[in-house]
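Protein chains in written order, with the working numbering: chain A, -2 to 431; chain B, 20 to 335.
Hints are not guaranteed to be accurate.
Cross-link-like lysine-lysine pairs, in silico, DSS-like; alpha carbons within 30 Å at most [unchecked claim]: (1) A/Lys370 x B/Lys161; (2) B/Lys134 x A/Lys376; (3) B/Lys161 x B/Lys134.
Just so you know, these hints were derived from the structure itself, not from any lab. If you're wondering where the values come from, they're calculated on a predicted model, not measured in any experiment.
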Amino acid sequence: MTDAVKPAVAAAPESGFGSLRALTPWVAAAAVFLVLPYAFTSGAALTMLSLMGIMIVFTLSYNMLLGQTGMLSFGHAVYYGLGAFFTVHVMNFVIRNGLPVPVPVIPIVGGLFGLVFGILFGWVSTKRGGTAFAMISLGLAELVASSANILRGFFGGEEGITTNRTKLLGVFGYNFGPQIQVYFLIAAWCVLCMILMYAITRTPLGRMCNAVRENAERAQFVGYDPRMVRFLAFCLASFFAGVAGSLAAINFEIVNATYVGVGQSGVVLLAAYVGGIGFFFGPIIGAVIVTYLQVMLSDVTEIWQLYFGLMFIVIVMFAPNGVAGLIMMHRPLWRAGVVGRVVPAYLVALGPALLFTAAAILLIEMIHHAAAKVGEGPKMTFLRVPLDLSSPVSWLGAVGLLAVGFILSRLVWPMIARAWGDAMGTARERGFVA
Amino acid sequence: MLELVIVSTLNGVLFGMLLFLLASGLTLIFSMMGVLNFAHASFYMLGAFFGYQVSQWTGFWPALVIAPVLVGGIGALVERYGLRNVHRHGHVPELLFTFGLAYVIEEVVQMIWGKLPVNFAVPRSLDFSAFTIFSTNYPAYKMFMLAVAILIFAALVAVLTRTRVGLIIQAALTHPDMVAALGHNVPRVFMLVFGVGTALAAIAGVIAGPALVTQANMAGLLGPILFVVVVVGGLGSLAGAFVASLLIGLVQTFAVAINASLADLFRPFGIAVGPGGFLGDIWNVSVAQIAPILPYVLLVLILILRPTGLLGTRET
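This is chain A alone, in the form it adopts within the complex (with noise of 0.2 Å):
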């Protein structure tokens, strides 16, 4: 009896000094908010950052579904884009009849139209989990996407619907015309929506929806409704989507019919499951690689979407947790201090991926030249590299590196397992794994 009582007892102190340490990463992100323009101070570097911010926003919301409840969807972007598009119409009426409503309030709009959405579509797709929902969600996403080339007057057809953020009352002065302004309003509407959904994966609900993810049926034993905390989570993450909406409309200040498309579904998939949909900061850091390779990948190369894929493919392949999985990897090494017993592993290693991936880039990119860039001839440049795509030197080079580059990292690789084994098998001398 008094052993049980006792952890109970020590812990309490320690919760209430928890309670001022879980501020602590919520001050570190918006102090991150804070520094990143001043570090960064060009155009280029801001848009991509709000961009950042938004997309931090929607991925964190489609994890409230993929990884908090277990439910895959494939079509997220329905409230993304139908936030977005109600944000369009509701500023343009507020600029018509000239309403007071300040900038920084319209999220909300957003989220509510999510929310109403994520209702409707919600009641009748969350009936059952697992591949009926994913199928229902693909349907649903198609018919909007569908609707939205047929309802010309609502969602503007090509060319979509614009409005203008300056008309708008504005705060303190602010008329959030430039881009550093718009940036601090979506910083700090991301700073809050990552504190609510983080405090919403540990309220109740969270934790059924957890219990839900993992075996619906004995969720319904302990004598909760499935299909009531699929709902729940459902409208929560329409909600969020529709914020994120939202933001990206007075961001850009143009909405089209892209915004509720498959392939936007399909990006914050992606986002969600590279960052890693077993954490909570997973979706965090996948959204800010998927979206820093978007603006960057594309101005390097033309078939970025391709690299895109292939980094896609090779994370469910071979790190299913994604690049947080990865981290949280080492989390026991760490505790044990153990974890510089296999850096030099890896640096050892970075050699042989490095050329691996380097090489089967180059051979892509000289398929790419040689298939669709006929006529601009048989030379090109990789890497301030000139090349000659006419003589098979070039190919048997290319090919050879690739080789070489597996060959290597095959003979790396049992080097990095002798060092991980060492190094987990002290941590777990010292207690730090299960």
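Chain A is fixed; fit chain B onto it per the hints.
The following block gives chain B in isolation, referenced to the frame of chain A:
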């Protein structure tokens, strides 16, 4: 009117049979491995492009055989070295693997053949009109497509019901664990079914390529409809897939041919509804214009009202 009905029925059955060539493979793959292959329509597209490329070198008829064999081989490799590895992570990663694969195949096709349609022409020996109904010349190539589809359908039924391999496949559809326990190499059967399924999709691609447009977006256009077919028919039911293929084929072709709108419906009653208001377009959208969304309406209705599909026995 009669002309429209006859021609639309022919086209509908043709489109339906084409859908079934794809849906049969998808159904077999789903029933055995429990994974909905998102990339199935991408193999259909690969079939069309391989068919185009090979027919540039050898002519159409060898391409009709070579392209499906190549695509089937790629499919088998994907199963052996991709899906089988992902399988141990669970069903969601499997689904996502095929999702990523569909993405990559589309990009690769775009990278090699470009975004514009390629000139995949009807072979000269079939480039004439088979018969004339009223004023419509019905092309012989479409009759050829229909014949190929029916031939393969018959062959598939024969293999599944009359051969030993077919019996094992049928058994594995319902009792995969039992089949494995009886000592059959289930992974190899999986690889075979995946390869044959993708080859069937590729045949559909080769014969559809010249009739439809061979373009990098053809997988994206057909893929979602394919899902509608297998879900409406009932996941895991070949007969259901057949019925649903014909149903969707007919619904789509007939809807495209009807040029009436809601406004037309109300006009005889003296009720004039014009454009106006936020959603004024709804009144003037013709049935032909909403044809693309009809399959999805059907899908959502089926999943709500009869989640096992028309002839299925499993809950999705």
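Verification of the supplied hints:
| no. | hint | result |
| --- | --- | --- |
| 1 | A/Lys370 x B/Lys161 | violated, 35 Å |
| 2 | B/Lys134 x A/Lys376 | holds, 23 Å |
| 3 | B/Lys161 x B/Lys134 | holds, 26 Å |
Hint check: a violation occurs at hint 1 only; the rest are consistent with the structure.
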